[in-house]
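Sequence lines, in order, name chains A and B. According to this note's numbering, the first sequence is numbered sequentially starting from 5. According to this note's numbering, the second sequence is numbered sequentially starting from 5.
What the hints contain is simulated information worked out from the structure, not anything from laboratory work. Every residue, glycine too, gets a C-beta built ideally from N, C-alpha and C. Treat the hints with care, since some could be wrong.
[Said to hold, decoys possible] Computed footprint of chain B on chain A; a stretch qualifies when at least three of its residues, placed anywhere within it, have a C-beta under 8 Å from a C-beta of chain B:
| no. | stretch |
| --- | --- |
| 1 | 58-71 |
| 2 | 121-134 |
| 3 | 300-313 |
| 4 | 366-377 |
2 protein chains.
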Amino acid sequence: MGNAAETLYDRLDPDATDPADLAEHLERHDRLGRGCAALPDARHGLERGTVVVDGETVVRGYPSVPRALVLDPTVAEHFDAGRVAVEEKLNGFNVRIVDPGDGDPLAFTRSGYLCPYTTDRARTLLDLGAFFAGHPDAMVCAELIGPETPYTTHDYEGVDSHAFRVFDVRDRATGEPLPVDRRRERCASYGLPQPRLFGEWEPESVPGHVREAIEELDERGREGVVMKSPDGTTMLKYTTEAHHHAELAYAAGTPFERGRDFLFSRVMREAFQAYEFDEDGGRLRERARDLGESLLLPFVETIREVAADEGVGDEHVARGDPEHVGALLDHLRSFGVELDVLADEREGDERVVRFRKVAESTRDRTRHYLDGGTYDE
Amino acid sequence: MGNAAETLYDRLDPDATDPADLAEHLERHDRLGRGCAALPDARHGLERGTVVVDGETVVRGYPSVPRALVLDPTVAEHFDAGRVAVEEKLNGFNVRIVDPGDGDPLAFTRSGYLCPYTTDRARTLLDLGAFFAGHPDAMVCAELIGPETPYTTHDYEGVDSHAFRVFDVRDRATGEPLPVDRRRERCASYGLPQPRLFGEWEPESVPGHVREAIEELDERGREGVVMKSPDGTTMLKYTTEAHHHAELAYAAGTPFERGRDFLFSRVMREAFQAYEFDEDGGRLRERARDLGESLLLPFVETIREVAADEGVGDEHVARGDPEHVGALLDHLRSFGVELDVLADEREGDERVVRFRKVAESTRDRTRHYLDGGTYDE
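Here chain A stands alone, though its shape is the one from the complex (with noise of 0.2 Å):
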């Protein structure tokens, strides 16, 4: 443990003048027997989540994805000549997988901490073995998703509980990513689920593509796209209606957890959108109506369930190991989180546990007004 600080700067870092620096700002923790020392911020050309483990394996965390507001001309702009892969953008958990050298995969979240449960869950559901034996070094970076989930509730299509997808495969120490094409090859091979590859095409025609796709998605309730140059290095993100609306009234159901730029940001896509796809503006005002009710029921509703003093806050199920499962009701505690266990039962050799993560700002500033607390501007 006591040397992560000099793994990284020794082995990554040429802009760190101190590794007494670094040092300072890794945050510790321990799970599964290892020790881990993890970066909270994006710091000395490292990524935020970067994470040692045993004080000697380094795991890169994985780069901020840029968004466009507008497809055109933003494609062109940010790719340079060549092709660009459009792949779809899955609404779930961000997740790096690597396996330090003994054959036991470990699974980080996005923030660098080791989740037990999330291991758990890679472990079972992905043939790991194999891919790490030819494998050694990589980091397989992929998306938990479904309705049970502790960190999303998305639901896809033909994903009944919880699924995970594999969107890159990185070298874990340089953080480098194998090209696209390469990856959905590798990915196939070892039998790893992977999002859906829409096409690969010149950047003048990608926004035309990724219009079409985008409205197929939207449809359907879906996320978005990652445009991404064919070497994996140049990423744009960019996502639907229906994403930015599911997404407000997720922000506006505990709208004193989610912080007033989560509430901004959505707005400013759907606008940029609406500008762009609808320029004779036949489904603005349908567009606003939309986003008006997310934002208002939700947050009405919250209103009505703090009068009548239910709970408010997020629903999850977890559903695995019964001792992983224990041990990520433990991991979220030890985070703050509040936790009302709704149901905890099982089934067959599983432990299905339904929690709420409780809004505690939510519940109690939404408690002081009604009560007759002013709001002081």
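Starting from the known structure of chain A, arrange chain B on it as the hints suggest.
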């Protein structure tokens, strides 16, 4: 000028430990041959916008008025026994007018700036000579309303250009208000126009009466009410749905100027009002749709204007004495406001300037995204 801080310290502030601390926080400006030192934030028990004129005359800031998010039980919690007066709250520009002793009244903005234009308008439109002769230490707190003002543009029936409404009279040095009934009598006796008084009731019956008033004001597109204890010291405000939607439209028209808190706080007011006023949810969907239209339509319109290289920003009209209208434009530019003069005409003795306050952040950031800039989260 040099003794502005000591003047404040000596006369007013029992908590200040050091006049140097006050001096450090005073912002100095000269207007109309007067040296002013204003406090940009509340400090040491002094309100934001407290100003010292020529080192001698203290003009207290107008206190921040807390807001009710629900009327019941907030009114009963906020006011002690006794009665509560309910007056209309007007959507205009809040100014304080004092006479430092030479018969030349001066008008100060909420943040404590001496505004030459508003001063000229106050001297022209209000009969202040007799008032200050009888009450030399008074501070007249008034709203500048109407479609032709350099600060706000809300229409009021019967106000073709602009007018004042006096909503409070206080001691300029202590900030102590006149009781509501004495203030209304005094203003009436000097012919100073006032906002409407809806009535005075026991706290328990105020929510019902305010709700009636709010529903009437809402239909006419007006802002709301201020509730006051009879002595004028305890205040509480509450606003209409029409006002919330107008504010959202205003913010959405120049989205990168207004800030995220602005958006969130207006949605919050709507949600609590919808919860309280619409118990059966019959009007909730209509309210939500109106809210969505208020947000998205002006935002998309602004993007279209930037795309077409048209100007973006709020349009205003300044009408009055040519010299003072010129001083107003200089005053605004001195705060870094970029102005587009759209028309500059004479009508009789008056100069009438129609101008746009250019929304530079909205123009530049919208242009950046339309040119293909990405949004990095």
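Do the hints match the structure? See the list:
Figure legend: the stretch 58-71 of chain A, annotated as covered by chain B; annotation consistent (3 residues with Cβ-Cβ distances under 8 Å, at least 3 required). Coverage of the stretch 121-134 of chain A by chain B is violated. Counting CB-CB distances below 8 Å, 0 residues qualify, and the rule asks for three or more. Check on the stretch 300-313 of chain A: 7 of its residues sit with their Cβ under 8 Å from a Cβ of chain B, so the three-residue criterion for coverage holds. Here the stretch 366-377 of chain A counts 5 residues with a CB under 8 Å from a CB of chain B, which clears the bar of 3, and the coverage holds.
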